[in-house]
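Participant: Each chain, written out:
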Amino acid sequence: MKPVDNRYRRSQELFARAAKVIPGGIYGHASPAVAVAGAFPYYAERARGCRYWDVDGNEYIDYLCGYGPMILGHQHPEVEEAAARQQRDALCLNHPGPVMVELAEHLVSLIDFSAWAVFGKNGSDMTTWALQVAREHTKRRKILKVTDAYHGIDPWCTPGHGGLLEEDRVHIHEFDWNDLESFDRFLKKFRGDIAGVIMTPFHHPAFKASQMPAAGFWAHIEAACRREGIVLILDDIRAGFRLDLRGSHRVFGFEPDLICFCKAIANGHSLSAALGRSELRVAASKVFLTGSYWNSPPPMAAAMACLKIMQREDTVAAVRRAGEQLMAGLIESGRKHGYAMVASGPPAIPFLTFADDPSLRRQQRFCAEVTRRGALFHPHHNWFLSAAHTPQDIAATLGMADEAFAVLRDEGL
Amino acid sequence: MLSHLYLSAVLPCLADLAEQDPAARALVAKSDASISLAVLGGPGATVYLRHGRILWQNGSAAKASLLLLFCGERHLNAFFSGKKWAVPLPVWGGWRIGLLGRFAKLAAILEAVLNGDEATLRSAAGRRLHTRLSLIAAGLGLGALARGDPESQQALRSVPPGLAAFTIDGEARATVWFEHGSADCAAGWSDPPRRPDVTIAFANIDVAYRAMRDELDTMAAIGSGDLCIDGLIPLADGLNVVMERMRIYLQP
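Quick mapping for you: the protein sequence lines, in order, are chains Z and D. Under my numbering, the first residue of the first sequence is numbered 2, with each subsequent residue one higher. Under my numbering, the first residue of the second sequence is numbered -16, with each subsequent residue one higher.
Just so you know, the hints here were simulated from the structure itself, not pulled from any lab data. Be aware that a few hints might be false.
Among the chain D residues that face chain Z by a calculated CB cut under 7 angstroms, a handful are [stated by the list, open to error]:
{"no.": "1", "residue": "Met202"}
{"no.": "2", "residue": "Ala203"}
{"no.": "3", "residue": "Ile205"}
{"no.": "4", "residue": "Gly206"}
{"no.": "5", "residue": "Gly208"}
{"no.": "6", "residue": "Gly214"}
{"no.": "7", "residue": "Leu215"}
{"no.": "8", "residue": "Val224"}
Just so you know, even glycine gets a beta-carbon here, dropped at the ideal spot from N, CA and C.
Given the sequences, and given the hints that come with them, work out the whole structure.
Facilitator: Set out below in structure tokens:
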């Protein structure tokens, strides 16, 4: 889509420069190709609380929260102070700092089934490593995952198409979310050769409504893994600490063997973590894990602060309330304008879609219209709430959404 | 698979070739005949030469002016890839030497244009023709691949159903479409039968040219508006993967 006005002029100018020196201009999930090109800002400059400003000076209430990490809001003073204090002492050392041990101890005390923790920088670091731990522990090859589930950018799971070999996924098999028959088929077919099952706590595929687990779904998966000696890996990277501080498995009543965190763990500072049962400890110690910045203390200090604030302020409840207010208001606003809307996912990580919109054009137009009014709604990716979203922010957003629905109705979309 | 691509994706390009290229049009200006190509026990297609226009039809016509038989799919593939030895058997109308000669010349022009040989790409008109015909072949090839290529079928399983149209802005009659999920994997070089679920529009012939030759940073092109994806993005993304298969099959 060509820009229809000058609203995103500087974004476009920067993109034109970027396209000359950066493949794709902007790559990955932030690529304009993933939203609707020209209808959303491309570059941002600053942020505070639940708001951010793009490079053209447009202000937005942020419903992506940096694609998840901003659980307390941008630039939370306590978190930033903890990170800055740590950074004044050391940014990148030859050795880990004491804060790494403190953080591991804190997380192990928080996540009920866990006995140990390791750290990385991104979600992919942890999910890929977790697969290796499962294989090392079981001495098996196969991994089961859910179709369309996102677990990162490594060859075994990337949603991209380039640079892949058939061999990359020879031992990766996909079953459908909430489809226990398809899961059981693989269980039977590869009995004795399945090392791990990796899943997100609820299903949040791009371009589609999210899906919660059906009754008995998780219980069946958990029981099968226990019975067959399969390592159950919970990819809690997107949902972790937003649904339950003790891990999202607590919400759905099961226990994984390994759990991967990232995003909300440090309110935007670069950190990921994996925690596991004591039985997996030896295998974990054998799978090499490192990176240039993985021992950096400031993000760990930020995580310590973030986790303590979330506990102190019951962030989970606050975020849930904000999400409930938002989604109830959007459903009602859509109904008023004659649109049947579908609210999916948990309120803290919600997504809104149109009931009858196979081409996604309504969705894209609606989200673009809300965004240009000052609240960022991604048309194809689930949204995130933070503790910084106040009832007033939600009310302002609903006003924008009401106008956007009216635009759609006037256009006959 | 390749023979199906030649018959249902490459051969139909003759229609646009005659429409756009004066030399090709002149070759059939005085013709009013039909040529059927048939693989023994396999697929076939017919082209109708109508006073400067060329029409394509699926399946071999029993009453064609000239019926060219290929002993097998490899024979037909060799013919289309320009192998001199791969002469078809004129089982009917073989005495129409002139028609046979004109068809051979048309096939040679088509091959040169689609392969993008040096002489073709030297001029803007040649590049334009190469681009248009490549787009037609790629779009129509989606139907053939969806029907018969196991790897494409596997890739399409995770692609949402819908009608996709590929078009070049500023070019007349430059839309190819494919309906994923339809029973016959329908595809066409014409106005789509309904509003497409996704439209992939190249801003101009130069952008399309680079895209057809895999020389375009498509993500950057989307961001800058040179390539506009309107609608069901996962369908466009998935079809792009299948189109890559076409490139592999048809590489010279």
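Participant: Could you run down the list of hints and mark each one as holding or not?
Facilitator: For each hint, the structure was consulted:
1. Hint status for Met202(D) relative to chain Z: holds, with the closest Cβ pair at about 4 angstroms, below 7 angstroms.
2. With its C-beta approaching chain Z no nearer than about 4 angstroms, Ala203(D) sits inside the 7 angstroms limit, and its interface hint holds.
3. Checking Ile205(D) against chain Z: minimum C-beta separation of about 4 angstroms stays under 7 angstroms; hint holds.
4. For Gly206(D), the interface hint holds, the least distance from its beta-carbon to any beta-carbon of chain Z being 4 angstroms, beneath 7 angstroms.
5. Interface restraint check for Gly208(D): the shortest CB-CB distance to chain Z comes to about 4 angstroms, inside 7 angstroms, so the restraint holds.
6. Interface restraint check: Gly214(D) against chain Z, minimum CB-CB distance 4 angstroms, threshold 7 angstroms, status holds.
7. Checking Leu215(D) against chain Z: minimum C-beta separation of about 5 angstroms stays under 7 angstroms; hint holds.
8. Below 7 angstroms, beta-carbon pairs count as interface contacts, and Val224(D) has one with chain Z at about 5 angstroms; its hint therefore holds.
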